[in-house]
Amino acid sequence: MQEELNLVQRARQGDQEAFAQLYETHFDKIFRYVVLKIRNQTEAEDMTQQVFVKAYESIGSYQPQGVPFTAWLFRIAHNQMVDYVRKESKKPTVPLDESLPIMDDSDLEHDVETKIEMEKVVVATKQLTKAQREVISLRFAGGLSITEAARTMRKSEGAIKALQHSAILSLRKTLLAGENSVK
Amino acid sequence: MSSNKDFDNIFNECMEHLLAGEETVGQCLQRYPAYAKELEPLLRTVVLMHKVADVKPSEEFRARARYQMQLKMAQSATPPRITRRVPRWAIAACTAMLVFVLGGGAVLAAQNVMPGNILYAVKLSTETLQLKLAGSTESKTEQYIAMANERITEMAWMVNNNKTTNLQAAAYRLNNYYTSIGELAAASGAKTTFSSAAIPAGPMTTPSATTVGTTETQTVETLVITQPVTTVINTTPLIVTSAPIVLGTVNSNNIAAAGSNGNASNSNRTSQLLNTLNSNAAIQPSEIQQLLNSGKLPDSVKATLQQALIQANIVYQSAINNANHQ
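Protein chains in written order, with this note's numbering: chain A, 1 to 183; chain B, 1001 to 1326.
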C-alpha cells in the first residue's frame, strides 16, 4: 500500500516509470471491470486504453488524500462507461452472444461452457439494482476489497457488505429460477 | 437479528477467503456446519461469479495497449507535473513577448537552466519558437540537433546531480527529435523511411541486443542500411529492461567520403543536410552511451535512450544512404 502511495506520488511529479508500474498493476483489473460491464470486447479494449490515457493526463491534479488511487482509477473507468452507455443507448442493441468476451483459454469446450455460464450470470445481473451491479463488478471483476469498493462508490463498508450480500442472494434466486424453468 | 448479523459476517468472511483462494466452499462449510445449508448456495454463486469474472486480456491486446500507452507518454511534450499550473499557450505567449519586449534577455537567461528550474518551460518554449521560425529543412535540422544536444547535456547534468525525475521526459524528447530529423531527411529525398522504425505498426518494440552504427574500418558501401532495424514484439511489462547495444561511431570522414563517392550530381540540399548533420557533431552517441553506462538510469529511461540511439544512427546512415544513391 505504501509502495503504491510512493508510486502515485512519483507519477504525480511526472515520473513516467512510476506511472508505468501503476499501469501494469491495474491493467487487467480495469479491463475485466470494463469488459464485464459493457460485454463488448473491442469496445472494452478501447475503453481500457482510454481509462489509462485519461489517468495519465489527469494524475498531476489527482489528490491522494481525497480518495485512494485504485478508487480514483475505477471512477475514471466508471465515468467512461457512463458516457459509453449514454452514446450506445442511441444505437441498436448488439446481440449478447456476439458481444461476450473471448476467453484467453484455448480449450474450446471450456470456452463454450464458460460463455453459457457467463450469459446466465449476465442475464441474472440485469435483475440487480444499479448499486448492486456496481458492487458485484467492482468486487469480482475489478478485484477491489470492501474498503476500496466503498471508497469508489462513496459508501460505507457496511453498506457495501449489505449490497454484496443482497446481490448474491438475488443472483442465486434468479439463477435457480432459470435452472428450474429449463427443467 | 443477532443470528442474521452472525450469518452476514460468516458469509462475508467465507467470501473473502474464497476470493483470495485461501479456502474452498467445503472447507468453509466445515467450519460453520450450523449455517451450511444457507451458506452453500450463496458461496456456490460466489464461486460462479468469480469464475465468470476471470476474463484476461489477450496477449496481443496487452502488448498493443502497452505500446500505445508508451507512445502516448512519449508524445506528451511535457509529462504531467503537479507544479505546472501555467498553460502552455501562456508560456509560449510570454516567451514571444520576452523575446520582443526585453530583447531576449530573459530568454537568454533561461537558456542555461536545467530541468526542475522555474525557467525551464521558457527554455523549451524558446526552442520550439526557434524551430517554428526556422524556414529551411537545414535550419530546422540544425535546431533539432541543437535541441537534441541540449537534452543530452541536461541528462548528463541530471545523472551527475541525482535528479532523476525528469530523465524520462528528456529521453523521450531526444527520441522525438531524432525521429523528426529523420523525417526531415526523408522528406529531402532519403530512400529510407524513418517513421517505421520510430513508430512500429505492431506492438511496442524495444531494442534487443541490436548492433547499429558502423566502425571506422568499414567501407562506405557497408554504411548503407539494407535491413530495417530489428523489432521485437514485447510481451514483457511496460518497464523494459535494458539490452546492450553495440554502437559504432559515425565517422565524419565516412560521411564526407559518402558525399564524395556518391553521384556528382548530389543536390545541394542533400549536401547541406549532410554538412549540417556532420558539422554540428549532430548525434552524440558517445555521450548517450556514457549515460547508458553510468548505471544511474532507470530501466525505462535506458530503453528510451536506446531507441533514441538507434534512431540517431538511422538518421545518419540514411543520410549517407541518400548521398550514395543520388
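Source of the hints: derived by calculation from the structure; they are not laboratory data.
Keep in mind that a hint or two might mislead.
Per the computed footprint, the stretches of chain B lying under chain A, defined by three or more beta-carbons under 8 Å from a beta-carbon of chain A, are [said to hold, decoys possible]:
hint: 1; region: 1173-1183
hint: 2; region: 1295-1307
With a cut-off of at most 20 Å between alpha-carbon atoms, the simulated EDC-like pairs for lysine to aspartate or glutamate come out as follows [claimed, not checked]:
hint: 3; chain 1: B; residue 1: Lys1056; chain 2: A; residue 2: Glu17
hint: 4; chain 1: B; residue 1: Lys1051; chain 2: A; residue 2: Glu4
hint: 5; chain 1: B; residue 1: Lys1163; chain 2: B; residue 2: Asp1006
hint: 6; chain 1: B; residue 1: Lys1051; chain 2: A; residue 2: Glu17
hint: 7; chain 1: A; residue 1: Lys29; chain 2: B; residue 2: Glu1138
hint: 8; chain 1: B; residue 1: Lys1072; chain 2: A; residue 2: Glu88
hint: 9; chain 1: A; residue 1: Lys29; chain 2: B; residue 2: Glu1016
hint: 10; chain 1: A; residue 1: Lys161; chain 2: B; residue 2: Glu1183
hint: 11; chain 1: B; residue 1: Lys1072; chain 2: A; residue 2: Glu24
hint: 12; chain 1: A; residue 1: Lys130; chain 2: A; residue 2: Glu119
hint: 13; chain 1: B; residue 1: Lys1163; chain 2: A; residue 2: Glu43
hint: 14; chain 1: A; residue 1: Lys161; chain 2: B; residue 2: Glu1013
hint: 15; chain 1: B; residue 1: Lys1132; chain 2: B; residue 2: Glu1183
hint: 16; chain 1: B; residue 1: Lys1163; chain 2: A; residue 2: Glu24
hint: 17; chain 1: A; residue 1: Lys173; chain 2: A; residue 2: Glu148
hint: 18; chain 1: A; residue 1: Lys161; chain 2: B; residue 2: Glu1287
Glycine residues also receive a C-beta, built at the ideal position from the N, C-alpha and C atoms.
How the hints compare with the structure:
1. 1173-1183: violated (count 0)
2. 1295-1307: Result for this restraint: holds, n = 4.
3. B/Lys1056 to A/Glu17: Outside the cut-off at roughly 24 Å; violated.
4. B/Lys1051 to A/Glu4: 27 Å, violated
5. B/Lys1163 to B/Asp1006: 55 Å, violated
6. B/Lys1051 to A/Glu17: 33 Å, violated
7. A/Lys29 to B/Glu1138: Roughly 49 Å between the alpha carbons, so the hint for A/Lys29 and B/Glu1138 is violated.
8. B/Lys1072 to A/Glu88: At roughly 27 Å apart (the allowed maximum being 20 Å), A/Glu88 and B/Lys1072 break the hint.
9. A/Lys29 to B/Glu1016: Roughly 17 Å between the alpha carbons, so the hint for A/Lys29 and B/Glu1016 holds.
10. A/Lys161 to B/Glu1183: Cα-Cα ~58 Å, so violated.
11. B/Lys1072 to A/Glu24: At roughly 15 Å apart (the allowed maximum being 20 Å), A/Glu24 and B/Lys1072 satisfy the hint.
12. A/Lys130 to A/Glu119: With Cα atoms ~18 Å apart, A/Lys130 and A/Glu119 stay inside 20 Å; holds.
13. B/Lys1163 to A/Glu43: 40 Å, violated
14. A/Lys161 to B/Glu1013: The given pair, whose Cα atoms are some 11 Å apart, holds under the 20 Å limit.
15. B/Lys1132 to B/Glu1183: 16 Å, holds
16. B/Lys1163 to A/Glu24: Distance ~25 Å between B/Lys1163 and A/Glu24 Cα, so the pair is violated.
17. A/Lys173 to A/Glu148: 27 Å, violated
18. A/Lys161 to B/Glu1287: It is violated: about 58 Å lies between the C-alpha atoms, which goes past 20 Å.
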